[in-house]
Each structure stands twice: as structure tokens, then as C-alpha cells.
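Enquirer: Chain by chain, the residues:
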Amino acid sequence: MTTSQLRVEEVTKVYERGEVLALKDVSFHVEKGEFLILIGLSGSGKSTLLRCINRLIEPTTGKIYLDDTDVTAAKGAELRRIRRKIGMIFQQFNLVKRSSVLTNVLAGRLGYAARWRTLTGRFSKEDLERARHSLDRVGLSEKIYSRADQLSGGQQQRVGIARALMQEPELLFADEPVSALDPATSNSVLQYLEQMNQRDGVTVICALHFLSLARRYGTRIIALKDGEIVFEGLPAEIDAARFKEIYGEDAEEVEIR
Amino acid sequence: MLPRRRFPKTRFLALGIDWIALLYLSLCVYTLINHWYPEFVAVRPSYKVPFPPYAWIIALGATLALAILWENTGVSLGFRALGARVVTPEGRIAPAHQLLSRTAVDLLTIPPTLCAFAIAAAPLAGLWTLFRGIAQGTGVSFIPGVTIWAVGPWYLTLGYVILALLAAALTAALTWSMLYGVLRAFWLRRTGERGFADQIAGTVLASSLDVQAELRTRPQWYRTASGLFVLLLIASTLYVGWIITEIDLPKLFSRIGVTDYLWRGLARPNFTHLFVQEPILTDTIGGALVETLFMALMATVVGGLFAFPLSFLGARNLMNRGPISYAIYTVMRGLFNIARSIETIIWATIIAVVVGWGSPFAGVLALAAHTVAALGKLFSEQVESIDPGPLEAMRAAGAREWQVVLYGVIPQIIPSYLAFTMYRWDINVRMSTVIGLVGGGGIGRMLFYYKNDGRWSELSAVIILMVAIVWLMDYTSGRVRERIT
Numbered sequence: 001m002t003t004s005q006l007r008v009e010e011v012t013k014v015y016e017r018g019e020v021l022a023l024k025d026v027s028f029h030v031e032k033g034e035f036l037i038l039i040g041l042s043g044s045g046k047s048t049l050l051r052c053i054n055r056l057i058e059p060t061t062g063k064i065y066l067d068d069t070d071v072t073a074a075k076g077a078e079l080r081r082i083r084r085k086i087g088m089i090f091q092q093f094n095l096v097k098r099s100s101v102l103t104n105v106l107a108g109r110l111g112y113a114a115r116w117r118t119l120t121g122r123f124s125k126e127d128l129e130r131a132r133h134s135l136d137r138v139g140l141s142e143k144i145y146s147r148a149d150q151l152s153g154g155q156q157q158r159v160g161i162a163r164a165l166m167q168e169p170e171l172l173f174a175d176e177p178v179s180a181l182d183p184a185t186s187n188s189v190l191q192y193l194e195q196m197n198q199r200d201g202v203t204v205i206c207a208l209h210f211l212s213l214a215r216r217y218g219t220r221i222i223a224l225k226d227g228e229i230v231f232e233g234l235p236a237e238i239d240a241a242r243f244k245e246i247y248g249e250d251a252e253e254v255e256i257r
Numbered sequence: 001m002l003p004r005r006r007f008p009k010t011r012f013l014a015l016g017i018d019w020i021a022l023l024y025l026s027l028c029v030y031t032l033i034n035h036w037y038p039e040f041v042a043v044r045p046s047y048k049v050p051f052p053p054y055a056w057i058i059a060l061g062a063t064l065a066l067a068i069l070w071e072n073t074g075v076s077l078g079f080r081a082l083g084a085r086v087v088t089p090e091g092r093i094a095p096a097h098q099l100l101s102r103t104a105v106d107l108l109t110i111p112p113t114l115c116a117f118a119i120a121a122a123p124l125a126g127l128w129t130l131f132r133g134i135a136q137g138t139g140v141s142f143i144p145g146v147t148i149w150a151v152g153p154w155y156l157t158l159g160y161v162i163l164a165l166l167a168a169a170l171t172a173a174l175t176w177s178m179l180y181g182v183l184r185a186f187w188l189r190r191t192g193e194r195g196f197a198d199q200i201a202g203t204v205l206a207s208s209l210d211v212q213a214e215l216r217t218r219p220q221w222y223r224t225a226s227g228l229f230v231l232l233l234i235a236s237t238l239y240v241g242w243i244i245t246e247i248d249l250p251k252l253f254s255r256i257g258v259t260d261y262l263w264r265g266l267a268r269p270n271f272t273h274l275f276v277q278e279p280i281l282t283d284t285i286g287g288a289l290v291e292t293l294f295m296a297l298m299a300t301v302v303g304g305l306f307a308f309p310l311s312f313l314g315a316r317n318l319m320n321r322g323p324i325s326y327a328i329y330t331v332m333r334g335l336f337n338i339a340r341s342i343e344t345i346i347w348a349t350i351i352a353v354v355v356g357w358g359s360p361f362a363g364v365l366a367l368a369a370h371t372v373a374a375l376g377k378l379f380s381e382q383v384e385s386i387d388p389g390p391l392e393a394m395r396a397a398g399a400r401e402w403q404v405v406l407y408g409v410i411p412q413i414i415p416s417y418l419a420f421t422m423y424r425w426d427i428n429v430r431m432s433t434v435i436g437l438v439g440g441g442g443i444g445r446m447l448f449y450y451k452n453d454g455r456w457s458e459l460s461a462v463i464i465l466m467v468a469i470v471w472l473m474d475y476t477s478g479r480v481r482e483r484i485t
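Here the protein sequences come in this chain order: A and B. Just so we're aligned, residue 1 is where the first sequence starts under this note's numbering, counting upward by one. Just so we're aligned, residue 1 is where the second sequence starts under this note's numbering, counting upward by one.
These are calculated hints, taken from the structure and not from any lab test. Please read all numbers here as calculations on a predicted model, not as lab measurements. Note that CB positions come from ideal geometry on N, CA and C, so glycine has one too.
Distance windows between CB atoms, simulated:
id : chain 1 : residue 1 : chain 2 : residue 2 : range
1  : B       : G322      : A       : L128      : 34 to 44 angstroms
2  : B       : L472      : A       : L128      : 41 to 51 angstroms
3  : B       : T330      : A       : R216      : 50 to 60 angstroms
4  : A       : E168      : B       : V301      : 36 to 46 angstroms
5  : B       : V467      : A       : R98       : 36 to 46 angstroms
6  : B       : F361      : A       : S141      : 53 to 63 angstroms
Far from chain B, some chain A residues (derived; all Cβ distances over 10 angstroms):
id : residue
7  : L36
8  : R122
9  : K225
All chains, please: the whole structure from these sequences, using the hints.
Expert: Here it is as C-alpha cells:
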């Protein structure tokens, strides 16, 4: 029997001396090559869930397995080895604004590069070549020496994607990657993710706000509400009734094309 | 809606505020009387109004009683400051008879409380007498002045000591439970409960935000007791300050004419010794200026080099990875604050004793000590205010902690570090002009020498050059800082 690439089993996260229950017994499996979308209101636990999987946040209880490796038990070097297999892009892009685009992209290689090279900042020829190639893929090869804060929001997010590409990831996490972008740019950013998913076979888990985007790009949808999974299924299965269940009675669906 | 009750924290805090304010005012009044009495009444100008030790007890007691009386008007300074009022349970102004009975209960409960405290002190006094008697070898006793067992075989002494201890323990158990009973009955309440006086008088100490509308319109500040009281406090503080610092304007004006030689000397600066050696000091003014600039530079570089790594240890966002790192953070911040609160001139005074009076090395060390602390704190705050996003991204990519610092933290802080270091050099130049006065070397040494010698023209030249250098540093560092941030 082949097991799933990622298995999340009964993960619970309690914040601040038991006052806030961010995740309640969340369990799901992700198969290789999926484009999984997480939806739900702000504060429903999407970001916490993603960060629990790569242990940026410590889950309180539960088990997580990536390729049958127990992520929750990993420490030190092993944890870093797991993390570098998982690319991640963020809502606020999380670039060092004062550094150049190239330095930002190379930072994605920190988990692989030799220690002395990162200490002196002299990355290997292959890493530099890889950085150029990654920037080329997101169409930013001309901006390689620009400062990150001179780029537009969409361009910054593409730098974030290039940084994730540097990790040659098997899994890509996207934490509301388009929430800070306008509709047109949103689509282009998601197309890059789709391309990674389809061309490189990278499994994508993407937290999104817009259901229309989720329907268009996702192969499967998981909806969270107050830290619990309230829906798991195909994009087409979310109808008006389901929508109200996930987002509450007063919600109105907003289209984004 | 019933008002939210604010007892007992607010009550005791408010009482503390009122008590301290009244005590302070009474001490101000004493100072003023002391000032006026010899001036208008007494014959001898050095006459002091007596203030015997027991006057403290009277002052403390009287002001406490006054504070309690004031509180029971329902609107004291403390209540006003903490946003509380004494009202009826419906949130209306408490009528006079209720306030009066509240006052009576408050005042009547104080004597039994004090008595309970005094009685509860008895076992402690007994123990003290017992141990003193044993230590001094005068015998076993727990009543001062009465020797129960003078000298005897050791086993009898031991027996009496054990008996005395048992007696003390029994008394303590009795008196302290009585004290607790009294305190519990009159004063101790859980949050939100009503105080004893409020229960008897039928009033509530409530938040002034949710009392009835009639109370919410506040009169102008000068029509309230607390407003006028604060005005009185400010006025008496300023008057007392005037007396204590011996401000005497007529003296200034009468002396200004007498010291005309000083002004004439200062008005004609003498730059002879700018490049010509001053025989006794074996230095020129120019040389001392260069020395000062280099003192400031070396101190800034040394201080900055030490502050740079230390600032990471003093940054909360990097040091919250467990109890050990948090302890390092706390110690680091504490050291910064202590070293920073010792002024450069004090550092110089001490260090000059170690490495020699008038040595610029002393000045460098003194300036560096203060610079490490000041820059360490400023740098740490910069580290704390960085964007945590990139750090998260790098951790997610599998970077080690030191790589996160190197690639995520340092690029974000370098510009402000440079700006702060520049600013610190500017401050150090200004500081180093004066530390020569206490043996730190540099231009301050010249200043001190000319002032002692009464050579006002040379002094004037030194001052002019100092101003010029400081202004120049200020201007350039300002421009450079503008460019890099």
C-alpha cells in the first residue's frame, strides 16, 4: 500500500495557556501532485495549520508525517532537512526589503549551501546559476540587482516564488499569497504556482480567501472554521449552502477573475 | 445598569495617592514656615522650626486621617485620578448622611485595626527579647526587663527556651488569627466586593464611567476640590523649589557689574596658544582639540564594536527561545540601563584614578563605557523593530539560527546602526569637551587650566573653538545620517 506524501493526524494547537484553541483535531492526507486549497475566514486556523506542518509553530498534540518521516519528532539538522523540502510563500512576501533581489532569492538556498559559503556570502556557481534560472522563470531576470523594496507587490511575490524554487521543493506552502495583490496580479501569481504544480510535480497547499480562485486552481478544497475541518472535497461541491456554512450566514461571495 | 464596583484595589490605591499628596503638601508647608519664620519672626537668622522624630508620626497620622476624610466626600484626588466615585447602588450621588456614616465607620475601624497590629507584634517582640537574652547571656525571658531564668544548667535553659518558643507560637497563633479576623472584617475584600464602610453606609465605590448621567458632566477643573488641590501642589512645589535652590536674582545683577574683568577677557579671545605650546601643560589648544576628536572617535569605535554583538543578546525577539536566553536578555538589558545611567563624567572621575589624571586614555575608557550601554540599548531596540517576516521565511527554508541573523537581521539593521554610531560620535565629541574637567584629558583639560589661572582671553578662545567643532560635527553627522537612512 502506498501512503500519502503528507499525513496530518489529529493536530491540535492551543495558544496562550489554553485560552485560544487554534486547531482542533485536524486530520487530512495530501497525495503527491495535488493542488490543495485551504479556505476559511481570517483566524480560522489556515496559517497556523501550514506553520504547524513545517514546525514554525509547535503543534500542541498530534502527528505529522512527510514521506513517512515523523515531522513532529524531528529536531535540529533533521528538522532543517525537512523544512528545506518545503517551499513557502507568504501574504506579505517576507523579503528583506533592503537587500537585492538576488540575495533574497539566494536566501532560499541557505538550507543547502555549505556553511562557510553562507558565512562569507560567496555562494557557489551552481547556486548563482540556479538563482538566475529561478528569476528567469518568474520573468524577473532584469531586476536581479534591484533592491527588493523597489519592486511592485506582484513582482515581490514572484521573487518569493523564485526563492521557494531555490529549494527545489517537493511541497509548496502558500499562505494567502494573493491577499495583498490586485486581481490581475493575483491570477498571474497563481499561474506560477499552477505551473510549478503541473510542470515540476510540486504538491501545493495554498491558503486562499477567494472561492472563485480556489475553484479555478484547486484540485481539492479543505475548509476550516474555528480550527476545525468543516468541508473536504472537490471545488465543484461547494454550493451556496456549503458556502454559508463555511463563511457564516452574512457572507456574500465575491467574484475575482 | 448597576455600576461596576471597584474595590478594594482602587480604594487602597486612591487612599495611597491622597495620603502621599497630603503628606507632601504638609512637608512643603513646613519648609515654607521654616523659610518665613526666621525672616519675619525669629531674631536669629539660622533659627529652625523644630521637627522632632515624633513629628513624623503626627504628620503621617494626621495626613492619613485627612486623606480618609477627603475620600469620604466621594470625590478625592485619588478617586479622580483612578476614575472612581462613591455613589449609591443605583449609581446616583450619595446623600450627605450616607457619606457621613461612611466616614464614621472608616474612622471608627482604624483604632481597633491599629490595636490588632500592636497586639500581633507582641509575639515578635517576645521572640526578639528571648534571642537577645540568649545572645547576651543575660538569661531566658520573653518580657523585656523581666528575667524568668537567669543562669542555670544547660538542660534547664534549653527547657525554658523550648517553653518560651511554644508560648510565642501560641500567642502568635492567637494574635495573628485575631489580626486576620479584624482585617477580614473591616478591610480585606475580594475584587468587586463592597468594603465594610460601604456595606454599613449603603454606598458603592464605582467606576466613574458608569454612574448616572447627572454625575457624568464634570465641572470645570477650577471648580473641583481635586483641581484646586493640584494647583496648590504645583504652586507650593515651585515656591519650595525656588527656596531650596536659593534662587536670588538681585545677587546675579549686583555681581554682574563686579566681574567686569571676566567679561572684558572673554570678549577678547586670545588664539596665541592655538599652535604655540602652553609651557606648563606642554600642549597647544590645537593639539588638545585633535586629542578630543580622536578620543571621541576611538571611544565610539570601541563602544560600537562591543555594542554590536551585545545588542543581539539584548533583543527580546531573538532571545525568547527559552528561560536561559530570556535570562541573558534580562541581564543584558539591566547592564545597559545601569551603565547608561552612570554619566560619562562619573565614569571619567573613577577611571582617571586608575589610569592617571589628565590622560586621554581615561577619557576614551569613560566615553566607551557609556557608549557601549547607550548604543547597545539603541541597537537592541532596532533589532526588536525589524520585520520578522524574512526571518520566518528563512527558517521555513531550513536555515540555521545564525544564518537567519546574518541574512535576515543584519541587512535590516545596518543603516540604522551606522546612523546611530555617527550620532554617538557627535555626542561623544560634545561629552569629551567636558570630561577633561574631571581628569579625562583633551580640550577640557585646557579649559580647566585657563579657568583656574584666570586667563579669560585664552578661555574664550577655547570656548569658541569648542563651539565651532561641536557645531561642525552636529551638522556633518546630521547630513550623513540623512543620506543613509
